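K.L.:
Build the full structure now, drawing on both the sequences and the hints.
First residue of the sequence shown? That's 1 in our numbering, and the numbers climb one at a time after it.
If you are wondering where the hints come from, they were derived from the structure by calculation, not from laboratory data.
Computed from a predicted structure; not experimentally measured.
Misleading hints may appear alongside valid ones.
Stated by the list, open to error - Calculated pairs, SDA-like style, for lysine to any residue (alpha carbon to alpha carbon, straight line, at most 20 Å):
hint : residue 1 : residue 2
1    : K22       : Y55
2    : K117      : D135
3    : K117      : Y137
4    : K117      : W141
5    : K103      : K129
6    : K122      : S133
7    : K148      : K103
8    : K148      : D135
9    : K172      : L138
10   : K172      : L120
11   : K22       : G39
12   : K148      : G64
13   : K122      : Y162
14   : K172      : R99
15   : K172      : A78
16   : K22       : I59
17   : K103      : E167
18   : K129      : E114
19   : K148      : Y162
20   : K148      : C93
21   : K122      : K103
22   : K172      : D153
23   : K129      : Y112
24   : K122      : V111
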Amino acid sequence: MNNYQIYIDTDEPNENAADFIKLDVSRTFPQLGIFQEGGPYHNTLEGILGAYVIYRPDIGYVQGMSFLAAMLLLNLDAVDSFICFCNLLNRQCQLAFFRIEQKMMTMYYSVYEEYFKENLPKLFNVFAKQNLSPDLYLVDWLYTLYSKSLPLDVACRVWDVYLRDGEEFLVKTAL
Numbered sequence: 001m002n003n004y005q006i007y008i009d010t011d012e013p014n015e016n017a018a019d020f021i022k023l024d025v026s027r028t029f030p031q032l033g034i035f036q037e038g039g040p041y042h043n044t045l046e047g048i049l050g051a052y053v054i055y056r057p058d059i060g061y062v063q064g065m066s067f068l069a070a071m072l073l074l075n076l077d078a079v080d081s082f083i084c085f086c087n088l089l090n091r092q093c094q095l096a097f098f099r100i101e102q103k104m105m106t107m108y109y110s111v112y113e114e115y116f117k118e119n120l121p122k123l124f125n126v127f128a129k130q131n132l133s134p135d136l137y138l139v140d141w142l143y144t145l146y147s148k149s150l151p152l153d154v155a156c157r158v159w160d161v162y163l164r165d166g167e168e169f170l171v172k173t174a175l
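P.N.:
Pasting the structure below:
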């Protein structure tokens with residue numbers, strides 16, 4: 001028996017996490033219909049997210065995780081999706097955001113701001129004058145690795161390059 005199946009069979013995530021998962025799964029890629037109640041991947045997506053909560057109770061479930069797991073499910077079977085999902089969330093950037101490590105998040109915002117200021121100074125100044133700080137928009141992009149905010153085909157390409165090139169590409173994508 002594989003580890004994913006053990007997590008699925010062992011226990012259920014705590015009630016709050018299960019409620020959040022159910023709510024988020026129903027809002028995941030609604031245009032596709034495959035993750036909504038009665039859709040072919042609805043229960044599988046809930047299972048992956050619930051298994052993750054059991055696997056990593058220190059992180060639990062955080063809104064936006066459903067988009068990451070769904071992107072993987074669009075390309076892999078449930079077991080491989082779970083494994084990749086766990087590995088993806090162990091990356092430094094995702095771990096910082098999903099653990100809500102403010103110090104690390106601020107570091108990522110600062111790196112982004114420097115890159116923004118250096119590469120698009122006029123637009124950076126417009127954002128600065130409007131008091132649009134990166135924490136207002138960057139957090140949603142990074143939580144979902146752009147899968148919620150970009151068209152699906154573009155998000156898939158972003159993931160391809162991100163998985164090849166690493167976190168630096170997430171900053172470049174933001175611009």
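K.L.:
State for each hint whether it applies.
P.N.:
Hints versus structure:
no.: 1; hint: K22 to Y55; in the structure: holds, 18 Å
no.: 2; hint: K117 to D135; in the structure: holds, 16 Å
no.: 3; hint: K117 to Y137; in the structure: holds, 16 Å
no.: 4; hint: K117 to W141; in the structure: holds, 19 Å
no.: 5; hint: K103 to K129; in the structure: violated, 25 Å
no.: 6; hint: K122 to S133; in the structure: holds, 15 Å
no.: 7; hint: K148 to K103; in the structure: violated, 25 Å
no.: 8; hint: K148 to D135; in the structure: holds, 17 Å
no.: 9; hint: K172 to L138; in the structure: holds, 12 Å
no.: 10; hint: K172 to L120; in the structure: holds, 11 Å
no.: 11; hint: K22 to G39; in the structure: holds, 13 Å
no.: 12; hint: K148 to G64; in the structure: holds, 8 Å
no.: 13; hint: K122 to Y162; in the structure: violated, 27 Å
no.: 14; hint: K172 to R99; in the structure: violated, 23 Å
no.: 15; hint: K172 to A78; in the structure: violated, 30 Å
no.: 16; hint: K22 to I59; in the structure: holds, 17 Å
no.: 17; hint: K103 to E167; in the structure: holds, 17 Å
no.: 18; hint: K129 to E114; in the structure: holds, 16 Å
no.: 19; hint: K148 to Y162; in the structure: holds, 16 Å
no.: 20; hint: K148 to C93; in the structure: holds, 17 Å
no.: 21; hint: K122 to K103; in the structure: violated, 28 Å
no.: 22; hint: K172 to D153; in the structure: holds, 18 Å
no.: 23; hint: K129 to Y112; in the structure: holds, 17 Å
no.: 24; hint: K122 to V111; in the structure: holds, 18 Å
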